[in-house]
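Heads up: the protein sequence lines correspond to chains A and B, in order.
Be aware that the first sequence starts at 389, since it is given in my numbering, and climbs by one per residue.
Be aware that the second sequence starts at 389, since it is given in my numbering, and climbs by one per residue.
Treat the hints loosely; a few may be bogus.
If several chains are the same, the list does not tell them apart, and a pair holds so long as it fits within one copy or across any two.
With a straight-line cut-off of 30 Å between C-alpha atoms, the simulated DSSO-like cross-links for lysine-lysine are [claimed, not checked]: (1) LYS466 - LYS624; (2) LYS466 - LYS649; (3) LYS493 - LYS656; (4) LYS656 - LYS536.
Source of the hints: derived by calculation from the structure; they are not laboratory data.
Remember, it's a predicted structure, so these values are computed and weren't measured experimentally.
2 protein chains.
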Amino acid sequence: MNNIVICGIGLIGGSIAKGLSKNNFNVYVIDSNLDSKNNAIRNKHAHEAMHSVEEVKKLEDAIFIFATPPKTTLEILKKNEWLLSSKFSVTDVTSVKTELIKYLKGFDAENFILSHPISGSHLSGFENSSENLFAGKTTIISSLGSSKFHLDRIQNLWKSLKSNVIELDYENHDKLFSLTSHLPHFVAYSLMKVLHDNNIDISTYAGGGLKEFIRLSQSSPEMWGDIFQSNAHLNKHIDELVEKLIELKELSSSKDGFALKEYLNQFKQ
Amino acid sequence: MNNIVICGIGLIGGSIAKGLSKNNFNVYVIDSNLDSKNNAIRNKHAHEAMHSVEEVKKLEDAIFIFATPPKTTLEILKKNEWLLSSKFSVTDVTSVKTELIKYLKGFDAENFILSHPISGSHLSGFENSSENLFAGKTTIISSLGSSKFHLDRIQNLWKSLKSNVIELDYENHDKLFSLTSHLPHFVAYSLMKVLHDNNIDISTYAGGGLKEFIRLSQSSPEMWGDIFQSNAHLNKHIDELVEKLIELKELSSSKDGFALKEYLNQFKQ
Chain A
389 MNNIVICGIG LIGGSIAKGL SKNNFNVYVI DSNLDSKNNA IRNKHAHEAM
439 HSVEEVKKLE DAIFIFATPP KTTLEILKKN EWLLSSKFSV TDVTSVKTEL
489 IKYLKGFDAE NFILSHPISG SHLSGFENSS ENLFAGKTTI ISSLGSSKFH
539 LDRIQNLWKS LKSNVIELDY ENHDKLFSLT SHLPHFVAYS LMKVLHDNNI
589 DISTYAGGGL KEFIRLSQSS PEMWGDIFQS NAHLNKHIDE LVEKLIELKE
639 LSSSKDGFAL KEYLNQFKQ
Chain B
389 MNNIVICGIG LIGGSIAKGL SKNNFNVYVI DSNLDSKNNA IRNKHAHEAM
439 HSVEEVKKLE DAIFIFATPP KTTLEILKKN EWLLSSKFSV TDVTSVKTEL
489 IKYLKGFDAE NFILSHPISG SHLSGFENSS ENLFAGKTTI ISSLGSSKFH
539 LDRIQNLWKS LKSNVIELDY ENHDKLFSLT SHLPHFVAYS LMKVLHDNNI
589 DISTYAGGGL KEFIRLSQSS PEMWGDIFQS NAHLNKHIDE LVEKLIELKE
639 LSSSKDGFAL KEYLNQFKQ
């Protein structure tokens, strides 16, 4: 029987626990939040709660999953470097990897596989987790020169959660997500600030266009604060967006309606 | 029986035709697109197709609805100023009013009521129109010193389409929508341009955050080109957004994780 240790049982970690505990895995959970841990044990989403990462040493073998925000993952890992020379397969779940990769490159950590399930939500916390969170969604895994044994194990882990798995070059991971996920969230927060400063009652007048910006701005401040601080590619793309806003503003202010419509038409699928 | 003339049967005009023709109104349609007109007549969404606005003069009384983009509305109106001194009630449906109001102020047009149904879609055209487009949605109407007779008629028109009607001071209309609708669309187009210039395959990697930006950027270039050119408030708010993007970027680049999380937390509802 496979041992799974989940460090951090928020939305993602909780969903992994719920999915795998149904799937005949031995699930161990670590979290500073006692309520979440008790809830997981009581409802049989986990087999045992552990008090510290140290305690994991008692297991012969396991897949160890960091389901913590990027900065926390790095902090815990630095205190538990023994994980990187253990027999365990280790993975994470966050959408920003730059700092983690920089750190891991200092080791010959063939047992660490980077994972990123594209299945986030503006909701957060164990109470919103679901065994089906990953079903039918894509999970990206990246190898840092890892052995086939560990790569296969992590791949099968996500397949057990009914996720489609894509292997992607780790160097392209952060670049891709800075554009497709982090920049949209960054913009949503900035736009909400403009509306807030203009004293707009968004609840009454939010047409279709605004609703999604409101939803994105409800995302976890802890998680997104970490992501905004960690993704080295993001600042460049914010600058590009500012450029494009000014470019489109100038085009709109010119009298050239034809060029403006051509511009807006280029994104039609 | 009430006569309704709909000038322009795209998404909005078509939806009005479909809704009112079921509702015992006499529906006349004007559109340069013959297919849409024939389609409307064939499927009994309209009683008669007219060739020009001139032809409306043959009607004793009617509600005349401009369901055209803002610039087109103004062009047609300028060629048919007789409408403003007729017995007809006249209204429009667009989400930007500045130019129209500037023009109407030159007349004592007590028969013109401004309407704005908040029920848009990224879809456009008669083929996507629906008799239920306005049901349960809000329509804003604004008076320019109009008589109660015309105001009541336009109010009842939208109620017949099952829309909730709110009367709003016309001076606040464009300001409000520049923030809640036009700015989100403007940002969506700009963000898509950044992704496009970075050669991102958005179909494979679009997580939850990006989907709505893609949807907004699929909106009608004719309509949104007109709106971006017409809303005098928009440029100011684009500048504010650029400021906020830079403000948040600086906060993210500082080491102050606490202040960043406080910032992101202020939009939690």
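Evaluated hints:
For the identical chains of this complex, LYS466 and LYS624 are intra-copy neighbours only, at 29 Å inside a copy versus 47 Å across copies, given an alpha-carbon limit of 30 Å. In the homo-oligomer, the alpha carbons of LYS466 and LYS649 lie at most 30 Å apart only across protomers (23 Å), although the nearest pairing inside one protomer, at 53 Å, exceeds that limit. Taking identical chains as interchangeable, the C-alpha atoms of LYS493 and LYS656 are never at most 30 Å apart, the minima being 42 Å within one chain and 38 Å between chains. For the identical chains of this complex, LYS656 and LYS536 are neighbours neither inside a copy (42 Å) nor across copies (44 Å), given an alpha-carbon limit of 30 Å.
When each numbered hint is compared with the structure, violations occur for hints 3 and 4.
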